[in-house]
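As they're listed, the protein sequences go chains A and B. The numbering of the first sequence is the working numbering, which starts it at 3 and goes up by one. The numbering of the second sequence is the working numbering, which starts it at 17 and goes up by one.
What the hints contain is simulated information worked out from the structure, not anything from laboratory work. Among the hints, erroneous ones may be present.
To be verified - Chain A stretches covered by chain B per the calculated footprint, using a threshold of three residues with CB under 8 angstroms from any CB of chain B:
#1 28 to 42
#2 70 to 78
#3 103 to 112
#4 135 to 147
Said to hold, decoys possible - Short derived list, chain B residues pointing at chain A, Cβ under 8 angstroms:
#5 Arg-77
#6 Phe-78
#7 Leu-92
#8 Gly-110
#9 Ile-133
#10 Val-135
Where is the CB? At the ideal position from N, CA and C, for every residue including glycine.
Here is how the chains run, residue by residue.
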Amino acid sequence: MSRGAPLPERRDRGRTFEQFAVGQRFDHHWGRTLTEAESIAFATTTMNASPLYFNAQFAAAHGHDRIPVDPLLAWNIVFGMTVEDLSFQLAGAGNLGYPVIRFLRAVYPGDTLYAESEVLAIGPWEGADDCGLVHVRTLGRNQRGQLVLEYERKILVRRGRR
Amino acid sequence: MKHLTGSDNYFEDFTPGQRIRHTLGRTVGPEHVPFTLQCMNGVPLHVNADFCATDPVATERFGGRAVVYGGYVLALVRGLASRDTSENAMAEPGFANGRHLKPVFEGDTLYAESDVIEVSPGHDPTHGLVRFLLRGINQRDEVVLEIERDVVVRRRPA
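Using the sequences provided together with the hints, build the complete structure.
Structure, rendered in C-alpha cells:
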C-alpha cells in the first residue's frame with residue numbers, strides 16, 4: 003500500500019566496488035566502549051569454556067587484574083565499526099574470509115576501541131561478474147592509541163548502484 | 017584455588033594429526049540479530065529480512081533469507097571447540113586462513129571439529145603453542161567455516 007505523497011529515494015550507505023582504490027584509508031566511525039557484562043555474556047552464550055573470560059578470581063590467578071575481554075569479541079566489535087565503510091554492499095562471503103587475525107594486546111572492560119582500515123588490493127572475483135573482491139587490512143586501537151588487534155579481510159562487494 | 021578446568025586438555029595432550037570431534041552443537045536462533053547489532057554491524061544482508069526477501073542479489077544467492085553474520089559463526093564454532101582445546105588456554109594469539117565455505121541461516125545447527133596441525137613447545141616451562149585447523153559443520157555435515165587457530169595452552173601442572 004502506498005502512503006500517497008512522492009517519497010524520496012531511501013538514502014544510500016556503503017560503497018560499491020567501483021568506489022574502492024588501492025591505498026585508500028578509512029578512519030571508521032563511532033568508537034565503542036566495552037563492558038564487563040557484555041564480555042561475560044559473549045563468553046557464556048558462545049559457550050567459551052575458558053574461565054579466564056568469566057571468572058575474576060581465575061583471571062587474577064592467571065595474571066589479569068580484571069577479567070579480560072574475549073579477543074574474539076573485541077575483534078567482532080572492531081569489525082562491526084568497519085562495515086558501513088567497507089561491506090554494507092556485501093554480496094555474500096564467496097568462500098573468502100580472513101587471511102590473518104592477530105590479537106596484540108589484552109582488552110579490558112572500560113577500554114574504548116577504534117577501527118581504521120587500508121585497502122591492500124582490489125580485483126575481479128571469478129565467481130560472478132556482478133561483484134568484485136576488496137582486500138583490506140584493519141587495525142583496532144584502544145583509547146591510548148595502542149594497537150590491540152589487526153586483521154586482513156577479503157570482501158565480496160557489489161558492483162554498480164543497486 | 018580449586019582446580020576448575022579439565023585434565024585432558026593440557027599442552028601435553030595434543031599431538032599433530034589428532035582430530036577431535038567436539039561434543040556440543042548449537043542451533044542458531046533469532047539472537048544472531050541482536051548479537052550482530054551489539055557488534056555495531058547493521059549490514060542489511062544480516063539484519064533486514066525485508067531487504068533479503070526483495071533484493072535481487074540476496075534472493076538469487078541466498079533464497080531471500082538473511083545470512084547469519086560470519087563473525088557470529090566464528091564465535092559459535094570457536095566456542096563449541098573450546099572445551100577440548102582452550103579450557104586451559106593462557107591466550108589465543110590469533111587465526112589465519114579463515115574462509116566461510118557455506119552460508120549459515122537461522123535454524124541451522126552448528127558443530128565443530130579441530131585438527132591438531134602443529135605443537136610448538138617453545139622454551140617456557142609453563143605453556144606451549146598449539147595450532148588447530150578449526151572446522152564448523154552444519155546439520156547436513158557440510159563444512160561452513162575453516163580457519164587455523166593458535167592457542168597458548170598451559171602444561172599439565174606438576
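Here is how each hint holds up against the structure:
Against chain B, the stretch 28 to 42 of chain A contributes 3 residues with a C-beta closer than 8 angstroms to a partner C-beta. That satisfies the three-residue criterion, and the hint holds. With 5 residues having a Cβ less than 8 angstroms from any Cβ of chain B, the stretch 70 to 78 of chain A passes the three-residue criterion, so the hint holds. Residue count for the stretch 103 to 112 of chain A with a Cβ under 8 angstroms from a Cβ of chain B: 3. That meets the three needed, and the coverage hint holds. Here the stretch 135 to 147 of chain A counts 0 residues with a CB under 8 angstroms from a CB of chain B, which misses the bar of 3, and the coverage is violated.
Contact between Arg-77 of chain B and chain A, as hinted, is supported at the beta carbon level, the nearest pair being about 5 angstroms apart and thus within 8 angstroms. About 7 angstroms separates the beta-carbon of Phe-78 of chain B from the nearest beta-carbon of chain A, less than 8 angstroms, and the hint is met. Because the closest C-beta pair between Leu-92 of chain B and chain A is about 6 angstroms apart, less than 8 angstroms, the hint holds. Taken as an interface hint, Gly-110 of chain B checks out: its beta carbon lies about 4 angstroms from the nearest beta carbon of chain A, inside 8 angstroms.
Proximity of Ile-133 of chain B to chain A is violated relative to the hint, the smallest CB-CB distance being about 15 angstroms (cut-off 8 angstroms). The beta carbon of Val-135 of chain B comes no nearer than 19 angstroms to any beta carbon in chain A, farther than 8 angstroms, and the hint placing it at the interface is violated.
Of the numbered hints given earlier, the model fails hints 4, 9 and 10; all others are met.
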